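**Q** Fit chain B to the given chain A structure using the hints.
So the sequence lines, in the order shown, correspond to chains A and B. Residue numbers for the first sequence follow the numbering used here, beginning at 1 and rising by one. Residue numbers for the second sequence follow the numbering used here, beginning at 1 and rising by one.
Because the hints were derived from the structure by calculation, they are not lab data. A few of these clues could be false.
[Stated by the list, open to error] Calculated Cβ distances over 12 angstroms to all of chain B for the following chain A residues: (1) R46; (2) L48; (3) P58; (4) A59; (5) N61; (6) S70; (7) E79; (8) K108; (9) P111; (10) R112; (11) D113; (12) P183; (13) K184.
[Claimed, not checked] Between beta-carbon pairs, the in silico distance windows are: (14) G103(B) / A34(A): 27 to 33 angstroms; (15) T65(A) / P62(B): 18 to 24 angstroms; (16) Q60(B) / S106(A): 25 to 31 angstroms.
[Claimed, not checked] From the structure, some residues in chain B lie toward chain A, with a derived Cβ separation under 10 angstroms: (17) Q46; (18) P132; (19) V139; (20) A142; (21) P205; (22) R209.
Predicted, not measured: the structure shown is a model, and the values here were computed from it. All C-beta atoms, glycine included, are put in the ideal place defined by N, C-alpha and C.
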Amino acid sequence: MTEHFTRRDLFHKAARGTVLATLGGGAGFLVKKAHGQVVWQVDASRCLNSRLGEVGVPACNLCTTECVVSLSAVRAVNEHSRCGRCNICPAYFNITSAVDERGLPSEKLCPRDAITRRPIGKADPEDPANNFYEYLIDEEKCDGCGKCVIQCKEPLGLGSIVLRIRYNRCVDCNRCAISRACPKGALVQVPVERAVS
Amino acid sequence: MMWGRLAACCGLVGRPLTAILAVLVLSTSLPAQTIPYQRPVDTAPQEKTIGGGYQTPPVQKPLPRSSWLQLLDVAVLAAAMGISSWLVLKRRSRKALVALAIGSVAYFGFYREGCICPIGSIQNVAVALTDPRYSIPMVVTATFFLPLVMAIFFGRAFCGGVCALGAMQELVLLKPVQVPRRLDRALGLLKYAYLGLVLFFALKPAAARDFVICRFDPFVGFFRRTGAPHMLLIGGAFLLAGMFIGRPYCRYLCPYGGLLAWCTRLARRGVTITPDKELDCGLCADACPYGAIENMRAVRRNCLYCARCYAACPRDGELARAKAQLVQLP
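Bound conformation, chain A alone:
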């Protein structure tokens, strides 16, 4: 087998070079205008559940039902620094349920029992109503249904519970399925630094 350099080889070489140059040019163009990573984020000012307004209307649970991963990538977060640490937390208790012997509502609000309540600070055993309570949301249980979010806002709460995206679950879809369904367009893409800082 002798090596021939035929016209076909020449054509192939030229074509390959052209295609490579085109691909390289395209890639260069994209790299030049490339940005850092962007991630999806719930805009609390647009989210129906955290937006000010009527309390007691059914929570919008599209974040739970629409997300493409099994346990939604959206979950509720209690921003502790903004939490009122109330004795009767409207997001922890179902405040319309009957009062038990301790003077607390008998039912909890969270359908997945994801919130835990514990007394904190200088405890006054004589008067539990007077103590502060910490409300922790178990990340692994929460599916982002928004029931607590809608309760913890004016006029009942301080709005310390908001919906956030857990980026270890979010698969960063091109067009987030929740954003497609969200009536308020509350899911937006932001630079990663803004989302996690």
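**A** Okay, now just chain B, sitting in the frame of chain A:
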């Protein structure tokens, strides 16, 4: 009823005494059923007010995949393509390729949950090239261009054992039947129609933009072990059909396969059937489930690097030794 409010006020002001008073006053007027609720506080109590050495717990912030792990994905993609072409073009080993396919399904499929993949990145690249306000991270650019550049030199090495969708179908293909050539060609045009459709939806204005490939990805539901029922059904149908018809998604629908097929026409190297050594027995052509061997010659644009032809060759060992004498085929 000021029960809650009073209680919290007590909490903020001189606590024990007022609290006891409040309880004494209020215990008489407690409602039998529910508490008409009012917000107890107007500002959140901070660590000092709470006392008892309380420290505010940090809010959990699960971070996105860190950038070096994203670079690792690109490196794994490049390495897997290198291994794939080496296994097929040099080693000519079907067994090793199946092992690579299993590894790819595990990494790109089940570990990375099918994202990001070069097939879907067509849309992002197309939008980024046309919309001045849309841009993509460099990782996506690399994911899109690497397999194409690879195809210009070594053919569709990406399809063989690297693409998670392809590898999955490669692994379920147990009883291949030959698709009649004319039907195969006609169905093969579908992927270009699909590519056109994809670009049509991706290049719409931002508000109406849709990423069709991702929405109708047949296997991503399996990789994520969850998904819309109709998509899981479609994926199941593809896998079931794929047990007999070789890689139906790759051959008839995959838009990226269309791009790779164009690039592969220029490839320097490809799967070769050695004419001076062959027996003309046609076993390789029978073994090829993708109709990529015509007249005892490999058709590069259709060759999906599965190495079945080598495995079926009675002169496999000899061919491996004779690789120095391989003939370049157009």
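**Q** Each of the hints needs a verdict: does it hold here or not?
**A** Going down the list of hints, with the structure as the test:
no., hint, in the structure
1, R46, "holds, 16 angstroms"
2, L48, "holds, 20 angstroms"
3, P58, "holds, 18 angstroms"
4, A59, "holds, 17 angstroms"
5, N61, "holds, 17 angstroms"
6, S70, "violated, 4 angstroms"
7, E79, "violated, 6 angstroms"
8, K108, "holds, 15 angstroms"
9, P111, "holds, 19 angstroms"
10, R112, "holds, 16 angstroms"
11, D113, "holds, 18 angstroms"
12, P183, "holds, 15 angstroms"
13, K184, "holds, 14 angstroms"
14, G103(B) / A34(A): 27 to 33 angstroms, "holds, 29 angstroms"
15, T65(A) / P62(B): 18 to 24 angstroms, "holds, 21 angstroms"
16, Q60(B) / S106(A): 25 to 31 angstroms, "holds, 29 angstroms"
17, Q46, "holds, 7 angstroms"
18, P132, "holds, 8 angstroms"
19, V139, "holds, 8 angstroms"
20, A142, "holds, 8 angstroms"
21, P205, "violated, 13 angstroms"
22, R209, "holds, 7 angstroms"
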